[in-house]
Amino acid sequence: MHDEIPNGQGSEAKIAHLSALLRAIHKVSLLLAREKDLSALLQGTCDILVDSRGYRTAWIALLDGQREPTGLAGAGFGDGLVAVRQRLEAGSFPWCWERALAQPDAIGVRDPSSECGDCPLVQVHCDAGAMVCRLAHGGDTLGLMAVSVPGYLLGDPDEQAFFEELARDVVLAVRKLAAEEELRRSESRLAEAQRIAHLGNWDWDIARDQLYWSDEIYRIFGLTPRQFGATYEAFLRSVHPDDRQAVESAVERALRDRAPYFVTHRILLPDGSIRTVHERAEVTFDSAGKAVRMLGTVQDLTELARAQGEREQLITAVEAAGEAIVVTDGRGMVQYVNPAFESVTGFSPEDVQGQLLPVMDREQHPELAADLDAALARAGLWRGRLVRHKKDGTPYQEACTVSSVKDASGEVTNYVAVKRDVSEQLRLESMAEAVNIADNIGYVFSGIRHEIGNPVNAIRMTLSMLRSRLDKEGDEQAADYIRRCLEELARIQYLLDSLKNFSMFENPDVREMDLGAFFAKLESLLVRDLDAQGIGLRIELADGAATCLADPRALQQVMLNIATNAMEACRDRPEPEIAIRIAARGGAIRIQVADNGRGMTAEQQKKLFRPFHTSKPDGTGLGLVIARRLLLRMNGRIEIASRPGEGTEVRIDLPGA
233 MHDEIPNGQG
243 SEAKIAHLSA
253 LLRAIHKVSL
263 LLAREKDLSA
273 LLQGTCDILV
283 DSRGYRTAWI
293 ALLDGQREPT
303 GLAGAGFGDG
313 LVAVRQRLEA
323 GSFPWCWERA
333 LAQPDAIGVR
343 DPSSECGDCP
353 LVQVHCDAGA
363 MVCRLAHGGD
373 TLGLMAVSVP
383 GYLLGDPDEQ
393 AFFEELARDV
403 VLAVRKLAAE
413 EELRRSESRL
423 AEAQRIAHLG
433 NWDWDIARDQ
443 LYWSDEIYRI
453 FGLTPRQFGA
463 TYEAFLRSVH
473 PDDRQAVESA
483 VERALRDRAP
493 YFVTHRILLP
503 DGSIRTVHER
513 AEVTFDSAGK
523 AVRMLGTVQD
533 LTELARAQGE
543 REQLITAVEA
553 AGEAIVVTDG
563 RGMVQYVNPA
573 FESVTGFSPE
583 DVQGQLLPVM
593 DREQHPELAA
603 DLDAALARAG
613 LWRGRLVRHK
623 KDGTPYQEAC
633 TVSSVKDASG
643 EVTNYVAVKR
653 DVSEQLRLES
663 MAEAVNIADN
673 IGYVFSGIRH
683 EIGNPVNAIR
693 MTLSMLRSRL
703 DKEGDEQAAD
713 YIRRCLEELA
723 RIQYLLDSLK
733 NFSMFENPDV
743 REMDLGAFFA
753 KLESLLVRDL
763 DAQGIGLRIE
773 LADGAATCLA
783 DPRALQQVML
793 NIATNAMEAC
803 RDRPEPEIAI
813 RIAARGGAIR
823 IQVADNGRGM
833 TAEQQKKLFR
843 PFHTSKPDGT
853 GLGLVIARRL
863 LLRMNGRIEI
873 ASRPGEGTEV
883 RIDLPGA
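So for the sequence shown, my numbering puts the first residue at 233; every next one is plus one.
Heads up, none of these hints are tricks.
Only pairs whose alpha carbons sit at most 30 Å apart, straight line, appear in this in silico BS3-like list of lysine-lysine:
no., residue 1, residue 2
1, K268, K408
2, K622, K839
3, K838, K622
4, K838, K623
5, K408, K259
I should point out that these hints are in silico values taken from the structure, not numbers from a laboratory. From a predicted model like this one, the values you see are computed outputs, not experimental measurements.
With the hints as constraints, model all of the structure from the sequences given.
Right, dumping it as structure tokens:
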């Protein structure tokens, strides 16, 4: 049965009822005003309703937009509040809860056991009624508040008004705490953002000369609030003495001209260290045009200034470097080249900006290209030497280093290439090597010629006479021995003739020579051997390549050596052919001798210019050594590229006439 107000006590009971309401309102108001913790606020409200208002039970639940509970407090239940939480979390609300959520006013339930049989608190409410109210602000539902009350209070309009007013007060308190929490989070985020950005804000009340600094400014200036007088003069004392005049002038200009205030200056910290800061501010003026307030920011630029200084030093070093330095993106597109790039390659920055930078001709250098890719993938660094061409077509030897730059995730963002023209260095090294070889081998060969030349001639003459006599007497065995001796002597003679070339042309007769006539004569010298071996020959003389500066006799020796090697390489090959092309390249003449012979491995190519090293069974290994020495004497050079099974190309560069 429900409790009722006893008969005959209407007025006194009414007064007592109102007094109890006022006491409860006072207690709740004090709680809502002073409590800063949301959970304590909700629990305290429930406790007051049970202890001071006389309700049987009370609970408050906060819900999110999906009606999931975010906070729950209750009083008078014991362990019964667990059933409320489980029902809230399940999302299956009893009839009274759903009804309360659908209307703005509180609802009353006089007989919960019959009206709300599926309520988890039906046993608690079995001898009392219940009131449930939606906690809402505007159109947003914040939660529910429910109480179990004596039956006589359900129909009391003052009680219902109190309950609904209490719900509104709880909503306001919850929103106030949420706003304060959001403000604290915002201030915390702002302070963290200022710490990360080394940026603080300040507010100067000009009339009162009161200056507010955020925490980050104190950190930047190396001060604590107690060390700082919070005035404009106190701020100026922290400015570096050499920069104070500039800061004061900037402030005066902003106040006088109503201009934005911005200045970069140094500050002096208490420990004697110096930092660089940048300030920006705006001035507020009153209706009379008097400056009353400045709001601004301070950013610590010390690290940025240091990095900028280091960057400028790096740029100066790169710009002054004698080597060509190229920076590309991860695809190999050129982003930057230094001034030396144009002097090394002949290409201007405008020629290559935004273009793909080929480190090498991959078709011409497949092995080097594979080595470059593997080295960059493995170690991010490759070094090599290449033959490149300047913008005008002039060939040159290039020492190149390529390195990759990766981001934190390991992705390549840039490539840096350092390129150096080593043509002159290599030419001088080759000359020194050739001179050294010539000096040493020439000395030995001179002795060899002196010591064995005359005896060989004597032996040859004697054996010839002996063979002549034996031919008449018919001694076949002796004749065979003598024939073999003569063959060996012929080989010795060939070696001696080859050795002579080391001392020939010590002072070459370099002059302007007609290349058309030269190669016509060369073809006539080669044609018989070429025809005998079935090897084709093509000679192409391009326009503008009619003359060069060379010694005709020395150049003929070079070309005969190279042609002999080409014919040997083409032997027994299908459709053998040798092609000779002569063309102008910048200020030089390029002679290319290409064959489709058996080619050479990379290892064989490394030993081409070593004396006495040869892969031919009857060769001396001196032909290319002699050719390079003769070309160096004529300010020329030679390089060879070959692929096994595909052929060989010899490139000779001579000065143009």
